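There are 2 protein chains.
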Amino acid sequence: MSYFRPAIRNMAGYVPGEQPQQGKFIKLNTNENPYPPSSAVTAAIQNVLGEGLRRYPDPWGDAFRIRAADVLGVPPDWILCGNGSDDILTIVTRALVGEGQQLRLPTPSYVLYRTLAEIQGADCEEVPFNRDWTLPEQFAVGSQKLRLVFLPNPNSPSGTIIPPEQILELANRLNCPLLVDEAYVDFADTNCLQLVGQNEKIMVSRTMSKSYALAGLRFGFIVAQPQVISELAKVKDSYNCDALAIAGATAAIDDQAWQTKNRDRVIATRCHLTEQMSQLGFDAARSQANFVWFTHPTEAVQPIYAQLKQNRVLVRYMNFPDWGDGLRISVGTDQQIDACLNLIKDLVP
Amino acid sequence: MSYFRPAIRNMAGYVPGEQPQQGKFIKLNTNENPYPPSSAVTAAIQNVLGEGLRRYPDPWGDAFRIRAADVLGVPPDWILCGNGSDDILTIVTRALVGEGQQLRLPTPSYVLYRTLAEIQGADCEEVPFNRDWTLPEQFAVGSQKLRLVFLPNPNSPSGTIIPPEQILELANRLNCPLLVDEAYVDFADTNCLQLVGQNEKIMVSRTMSKSYALAGLRFGFIVAQPQVISELAKVKDSYNCDALAIAGATAAIDDQAWQTKNRDRVIATRCHLTEQMSQLGFDAARSQANFVWFTHPTEAVQPIYAQLKQNRVLVRYMNFPDWGDGLRISVGTDQQIDACLNLIKDLVP
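Chains as they are written, first to last, in our numbering: chain A, 1 to 349; chain B, 1 to 349.
Hints are computed from structural coordinates only; laboratory data are not their basis.
Some hints could be false.
[Unchecked claim] Computed beta-carbon distance windows for the label pairs:
1) A:Ala43 / B:Phe25: 36 to 42 Å
2) A:Pro226 / B:Ala268: 46 to 52 Å
3) A:Ile66 / B:Ala268: 39 to 45 Å
4) B:Gln256 / A:Thr295: 53 to 59 Å
5) B:Val348 / A:Arg9: 43 to 49 Å
6) A:Ile66 / B:Gln307: 30 to 36 Å
Being a predicted model, the structure only gives us computed values, none of them experimental.
Beta carbons are placed, not taken as given, at the ideal position from N, Cα and C, and that holds for glycine.
Work out the full structure: start from the sequences and follow the hints.
Rendered as structure tokens:
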């Protein structure tokens, strides 16, 4: 189809993690939460069914903004809701980066950032992390062409974090906005929410997919200064969040007791997974997320991934050119992780 | 915020129709269906709640594609699902129209088309309908710069239709793709689905918001040839449709008995509304949609809109420069329409 823009024709398109629609797998490959969401979510969604589906939803999702503002300690008009945080990342990219302009991201990280640049017909500058997952000096160097910097924090696949004070310094040095993608931050010791008020170039995105166990609901949001929110809002679809997602996400963020309990369980299992894998000879990045990145100093890990899959345990094998490969294992329940560990024990000497 | 693209800074942004979140209004302003959706939708969504929200949804929404393909008589890989048909229109625009290129639309019609062009930094060529809502000759003239043509059919606000044979001829003359936006087509006597197989430049978009009473669910789709679908898919968010929307939309399109009954009721009320308004001296466009466009040869209609609103009946007042103004009244229940008509009777001589 020669009618499509060259930028689109030349793209491969983003390939999501394996989502087997049938068969019983232990899924430790897409960082889903192993526990079902708060029961308050079910109740809130049931309230909307029937007559509540007939009408258009609130275009701003104010019920969520008001509740989230209270929980997060920011004003409601600092929040914009999205159809998953992917929608938020899309909106930010379209609002800031034109054809031929530049978007920066660290690697290895979330490959969607590159896809978003490609769709815009923009240049994508990939800056490799240092070997210890810190950022090199050049990540903070601005240029005329550079219009947006993405920083996943915690990062994937490493789960590692850049401290907020370094991120503030980074934003102060850059001459363009910086999106801190905090998809996994509820499993971390720190976050960048406080920085948004200190520099209007800093935006923080969040998702309900991971720490609220709502990957199937598609709900994310961004926190930024209100003059930023009002520009971003021009780019979003008018009714980007449906009535069920708004109701469910509002109930979820309201149930902080559930969230704290869930977080604590996931972190305990993450600790167990990391220790056991270290005893098996793997090197583990210091994860602040609901997954851990494992490499091995001597053994090939690709066959381990394949053997696990044959035994119906899905983990993520990732191979980054000029960087190396590893296994990213999502934190499941203790039982799921033990099943995975038992298989791995038989696969390494 | 000087960081935003000039195209975004200069935009006003799309303003959705009034959606009062409180107070009891008779809402005849945003073309929502007056009847609640099929009860099968509620049942299907309840099946997904809890555990079903924890995981990412099927990125392709295959359950819907397979069922819809059967109902519509096209192969499943001719269908792409969207988060409302607005998402579909966004995807098509981003895939086809680059900065400085051109998008064509007729006026008066859906103002979102213009917004989408503005976000892309593209030129928007607005071609006025003839006074009888037929298309002028120039609508079919191609150019190097023109990359996409939008044609809402039935159109809004008129509710009128361009016959499929004229649309095929239009597509054959154009040198770029043509998107036929069939948001309201289930209330019409004809549609363009058969044309998709006859010219790969023809794409047809549909929504579940109107004829399936699911505006709150956000679900739409596009029918196009598979080589077109695979390019469009590169531009969509990976998980653009949530698990609840996929389940609900699948149940809705499966219940064609509900749809037929609903359609018949809406058309009967549309006929009643049109007749009564004609007796009150209004001119009515020949609507094939779930709303009717009324003008008046002598009376000002803006005060009628304002008086109705004061009496808690919302209709849409629209004023198009160089064209004129009118009232677009959505087809509600018979009771709602009679309440509206009774008020109007006292407002015109």
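How the hints compare with the structure:
no., hint, verdict
1, A:Ala43 / B:Phe25: 36 to 42 Å, "27 Å, violated"
2, A:Pro226 / B:Ala268: 46 to 52 Å, "48 Å, holds"
3, A:Ile66 / B:Ala268: 39 to 45 Å, "42 Å, holds"
4, B:Gln256 / A:Thr295: 53 to 59 Å, "55 Å, holds"
5, B:Val348 / A:Arg9: 43 to 49 Å, "56 Å, violated"
6, A:Ile66 / B:Gln307: 30 to 36 Å, "33 Å, holds"
Checked against the numbered hints listed earlier, the structure breaks hints 1 and 5; every other hint is satisfied.
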